[in-house]
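A.B. asks: Spelled out, the chains give:
Protein chains: 2
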Amino acid sequence: MALRERLFDTVVACFKRHGAAAIDTPAVELREMLVENYGDNSRLIYELQDQGGELLALRYDLTVPFARYLAMNKINNMKRYHIAKVYRRDNPAMTRGRYREFYQCDFDIAGQFDPMIADAECLKIVHEILSKLQIGDFLIKVNDRRILNGMFAICGIPESKLVTTCSTLDKLDKMPWKDVKNEMVREKGLSPEAADRIGEYVQLRGGMDLVEKLLQDPKLSQNKLAKEGLGDMKLLFEYLTLFGIVGKISFDLSLARGLDYYTGVIYEAVLLQQENNHGEDSVSVGSVAGGGRYDDLVGAFDPKGRKVPCVGVSIGIERIFSILERRMKASGEKVRTTETQVLVATPQKHLISARLKLISELWDAGIKAEMMYRKDPKLLKQLQYCEDMGIPLVAIIGEQELRDGVVKLRDVATREEVDIPREELAAEIRRRLEP
Amino acid sequence: MALRERLFDTVVACFKRHGAAAIDTPAVELREMLVENYGDNSRLIYELQDQGGELLALRYDLTVPFARYLAMNKINNMKRYHIAKVYRRDNPAMTRGRYREFYQCDFDIAGQFDPMIADAECLKIVHEILSKLQIGDFLIKVNDRRILNGMFAICGIPESKLVTTCSTLDKLDKMPWKDVKNEMVREKGLSPEAADRIGEYVQLRGGMDLVEKLLQDPKLSQNKLAKEGLGDMKLLFEYLTLFGIVGKISFDLSLARGLDYYTGVIYEAVLLQQENNHGEDSVSVGSVAGGGRYDDLVGAFDPKGRKVPCVGVSIGIERIFSILERRMKASGEKVRTTETQVLVATPQKHLISARLKLISELWDAGIKAEMMYRKDPKLLKQLQYCEDMGIPLVAIIGEQELRDGVVKLRDVATREEVDIPREELAAEIRRRLEP
Chain H
1 MALRERLFDT VVACFKRHGA AAIDTPAVEL REMLVENYGD NSRLIYELQD QGGELLALRY
61 DLTVPFARYL AMNKINNMKR YHIAKVYRRD NPAMTRGRYR EFYQCDFDIA GQFDPMIADA
121 ECLKIVHEIL SKLQIGDFLI KVNDRRILNG MFAICGIPES KLVTTCSTLD KLDKMPWKDV
181 KNEMVREKGL SPEAADRIGE YVQLRGGMDL VEKLLQDPKL SQNKLAKEGL GDMKLLFEYL
241 TLFGIVGKIS FDLSLARGLD YYTGVIYEAV LLQQENNHGE DSVSVGSVAG GGRYDDLVGA
301 FDPKGRKVPC VGVSIGIERI FSILERRMKA SGEKVRTTET QVLVATPQKH LISARLKLIS
361 ELWDAGIKAE MMYRKDPKLL KQLQYCEDMG IPLVAIIGEQ ELRDGVVKLR DVATREEVDI
421 PREELAAEIR RRLEP
Chain X
1 MALRERLFDT VVACFKRHGA AAIDTPAVEL REMLVENYGD NSRLIYELQD QGGELLALRY
61 DLTVPFARYL AMNKINNMKR YHIAKVYRRD NPAMTRGRYR EFYQCDFDIA GQFDPMIADA
121 ECLKIVHEIL SKLQIGDFLI KVNDRRILNG MFAICGIPES KLVTTCSTLD KLDKMPWKDV
181 KNEMVREKGL SPEAADRIGE YVQLRGGMDL VEKLLQDPKL SQNKLAKEGL GDMKLLFEYL
241 TLFGIVGKIS FDLSLARGLD YYTGVIYEAV LLQQENNHGE DSVSVGSVAG GGRYDDLVGA
301 FDPKGRKVPC VGVSIGIERI FSILERRMKA SGEKVRTTET QVLVATPQKH LISARLKLIS
361 ELWDAGIKAE MMYRKDPKLL KQLQYCEDMG IPLVAIIGEQ ELRDGVVKLR DVATREEVDI
421 PREELAAEIR RRLEP
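Chains as they are written, first to last, in full-length UniProt numbering: chain H, 1 to 435; chain X, 1 to 435.
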């Protein structure tokens, strides 16, 4: 939790820097609210037993509950973040940070606005968080559902095969195009020609240059949806250039993202494993953030179909956590689990009253203080406790100190001891530890 | 959430001041772990559907999962806090802060220690938190399960009726002794004489004086359990005197607390409603914190029955929250939901690039900044947004400012505007808002 809280602090600080308010929705939602929104993955939803009440289920993500919340409360504009647990009836893979119960960290902007300003801010947020966490070099892939749909249309893919083709396409970061094509043809029933046409597009990567090139593409620029998407992509790259982050952005026509509800720009950040042991080139080690625009989800929950366009991003906190944890174990670095500044100790017997009185004074002065829950602990045991717990200071109060109205303040690392007048103790601890 | 986070901050600061580490256990536990620990209340446990896996349930509180965690991980010593949601299939009562899904804030000390030191610290924590929150005058009632059991024994209550008698006794803060006695005799089957004997004890309230008096009580002091409990109660009052909080503590023989797992000292903090509209005396408005010692719970989960004594306290955050919320609504005070320091605004059209570039600089300098998601918003709308959201500053960048390399910094409240050199803007915002 100590490491996790550090991580949360970085993420929350960024979300607040961008003006988001925190909201909290229940972990339990009406089952019918959830089952229709996750396609095949609906089978992973944890359902509650019917114990004589509404039929309930545990939330699968934070996006659908957010849309439900906006619809129910008739909210037209909101910038919110939400850090909470979600639940999936899946096979856990601990080392890769995949659990049945795990945290999601979401930031979303809801409202009818001018194009791509909010979308660009979501990418800026991903860039800020991944830079701040120093977990290694990363790349943010972007694409647009409208470009994908247009591309599929001009390649002759029937609309009925869009979703299933997307899910095959998503595997292009794990296997070569040859295998992806094979799956498209043999399992998904595309014609080899259609697959080849897709292949020409989805292997393209680039920046503004690629956007410009595709805007000149005779077929793609004829397709209304694709043209809209490319126009917005151009604007997005202009804004990202102003934000100074365009160097980490890759327009990637193979990025599809599984979820049904995206309607416009989509993105996914991946870590690049640099200079690994085998001297190979940069390899992606998986997605650590992702999101996109979903303009129709709120309307689906609203009784009158009122539309609230949304764009958001989810930080893959569990995967980042497992990377940080592994790195820390490898380096032997230790994270303190408590923040205790001082242990109140006594060197002789029959001084529990003195300890209780002194620690009470320190607590009341806002100092983080502990004592051992023993009537007469040995001084050595008390000092050992500080070593074990990483407590930096010991306030020793013995018979002599009581007579003199002082406390002996000991620095655990240097073993230096200084007598401090009792009424100045809290200030002295603060002076040493809170610079 | 903004108000709630303030509340959590106060509670967490106190828990950390007392050297606790944070832990997080899953919201979902094995059903069999839970059902045996809550007596009658087990019917309130939310169970998950059997979807082909373990039989699961949502946690009912944080104490049983903590004990399960200590047992599973073979931990002998731990001081931990845990703030998380728990779930009860109960009838909600919103105004009283009773929900089906709600936060608990728990602090517990596990380990074999000398008597009453950790117990006294739990009471100190309750005192610190309730004082800090300034929610009005409060009283912390204490009793001991061993004193209760001894008292019941000498009054001739058979052990089989202990639990049910306790639950009737718990109503003494809501109805007069006469009615409690009636329930004991008519519904619980006690003899009127036994009920009268209980009545003599349970109407007693006091401090150290009452402890001393009961230690002299010829019958009670003969009972081994009661004598042990009274001896510890005396020690507890000595420690609480050293902590300087004895004035808010009431030894109250009617305090029983429903839960089965308590084995020693128990306590409950109640708010006293002072000077209410009808000029009545102080009236209790209900429990805002409670806890006690549970020495046998970890052993019940441990395969070898290894005993880990525990004492803890749970802060009734939802009830406190509903009190604070009501008070705020009554006073008309508003809590800002965001922390945005500055809105980046433009006074003319075609300046979105200037806004994006400037806001990006501010974010990178750690300033909490927003802009409107419009290409060409009217200045008046931008200023109105600040008023609505409580944003204190506006950074205005127009054609003139761009030429001069400055930004016009406007104070929303005073409407004063000053030109600031662009490279000094972040520092100036910090100087004004982060003293």
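Among the hints, a few may not be true.
[Said to hold, decoys possible] Derived lysine-lysine pairs resembling DSBU-like cross-links, with alpha carbons at most 35 Å apart:
(1) H/K334 with X/K16
(2) X/K378 with H/K234
(3) X/K74 with H/K375
(4) X/K132 with H/K368
(5) X/K16 with H/K368
(6) H/K378 with X/K227
(7) X/K248 with H/K227
(8) X/K349 with X/K375
(9) H/K408 with X/K16
(10) H/K375 with X/K304
(11) X/K349 with H/K381
(12) X/K381 with H/K74
(13) H/K178 with H/K161
(14) X/K227 with H/K248
(15) H/K132 with H/K188
(16) X/K224 with H/K304
(17) H/K74 with X/K74
(18) X/K227 with H/K224
(19) X/K16 with H/K378
(20) H/K329 with X/K375
(21) H/K16 with X/K227
(22) X/K307 with X/K224
[As the list claims (entries may be wrong)] Listing some non-contacts, in silico: residues in chain H with all C-beta distances to chain X over 10 Å:
(23) Q51
(24) S160
(25) K307
No wet-lab data here; the hints were simulated from the structure. Each residue gets a CB set at the ideal place from its N, CA and C atoms; glycine is no exception.
A.B. asks: Hints first: check each against the structure and report whether it holds.
C.D. replies: Going through the hints against the structure:
Between the alpha carbons of H/K334 and X/K16 the distance comes to roughly 19 Å, so the proposed pair stays at or under 35 Å and holds. Distance hint between X/K378 and H/K234 is fulfilled; the C-alpha atoms sit about 25 Å from each other, no more than 35 Å. In summary, the hint linking X/K74 to H/K375 is supported, as the alpha carbons are separated by about 25 Å, within the 35 Å threshold. Between X/K132 and H/K368 the CA atoms are separated by roughly 16 Å; this keeps the pair inside 35 Å, and the hint holds.
Taken as a hint, the X/K16 and H/K368 pair is honoured in the structure, with Cα atoms around 7 Å apart against an allowance of 35 Å. Between the alpha carbons of H/K378 and X/K227 the distance comes to roughly 30 Å, so the proposed pair stays at or under 35 Å and holds. For the hint linking X/K248 to H/K227, the alpha-carbon distance of about 72 Å lies beyond 35 Å, and the restraint is violated. A threshold of 35 Å between alpha carbons decides the hint, and for X/K349 with X/K375 the separation of about 8 Å falls inside it, so the pair holds.
Proposed proximity of H/K408 and X/K16 is supported: the alpha carbons are some 24 Å apart, at most 35 Å. Distance check on the hinted pair: H/K375 and X/K304 sit about 29 Å apart at the alpha-carbon level, within 35 Å; holds. The hinted pair formed by X/K349 and H/K381 fails the criterion: a straight-line CA distance of about 71 Å is larger than 35 Å. Pair hint X/K381 plus H/K74 holds up; C-alpha atoms about 22 Å apart against a cutoff of 35 Å.
Between H/K178 and H/K161 the alpha-carbon distance is near 19 Å, which keeps this suggested pair within the 35 Å criterion. Simply put, X/K227 and H/K248 have alpha-carbon atoms about 72 Å apart, too far for the 35 Å limit, and the pair is violated. Taken as a hint, the H/K132 and H/K188 pair is broken in the structure, with Cα atoms around 42 Å apart against an allowance of 35 Å. A hinted pair counts as satisfied when its Cα atoms are at most 35 Å apart, and X/K224 with H/K304 does not qualify at roughly 70 Å.
Distance hint between H/K74 and X/K74 is unfulfilled; the C-alpha atoms sit about 50 Å from each other, more than 35 Å. Only pairs whose Cα atoms come within 35 Å are accepted, and X/K227 paired with H/K224 is rejected, the gap being roughly 87 Å. Taking the CA atoms of X/K16 and H/K378, the gap is about 25 Å. The hint holds against a cut of 35 Å. Between H/K329 and X/K375 the CA atoms are separated by roughly 48 Å; this puts the pair beyond 35 Å, and the hint is violated.
At most 35 Å may separate the alpha-carbon atoms for a hinted pair to count; H/K16 and X/K227 exceed this at roughly 56 Å. Restraint check for X/K307 and X/K224: the C-alpha separation of about 22 Å stays at or below 35 Å, so the hint holds. A Cβ of chain X approaches the Cβ of H/Q51 within 10 Å, the least distance being about 6 Å, so the stated non-interface status is violated. A cut-off of 10 Å between C-beta atoms confirms that H/S160 is not in contact with chain X; the least separation is 30 Å.
Once the 10 Å rule is applied to beta carbons, H/K307 is consistent with being away from chain X; the minimum gap is 16 Å.
Going down the numbered hints, you'll see the structure goes against 7, 11, 14, 15, 16, 17, 18, 20, 21 and 23, while the others check out.
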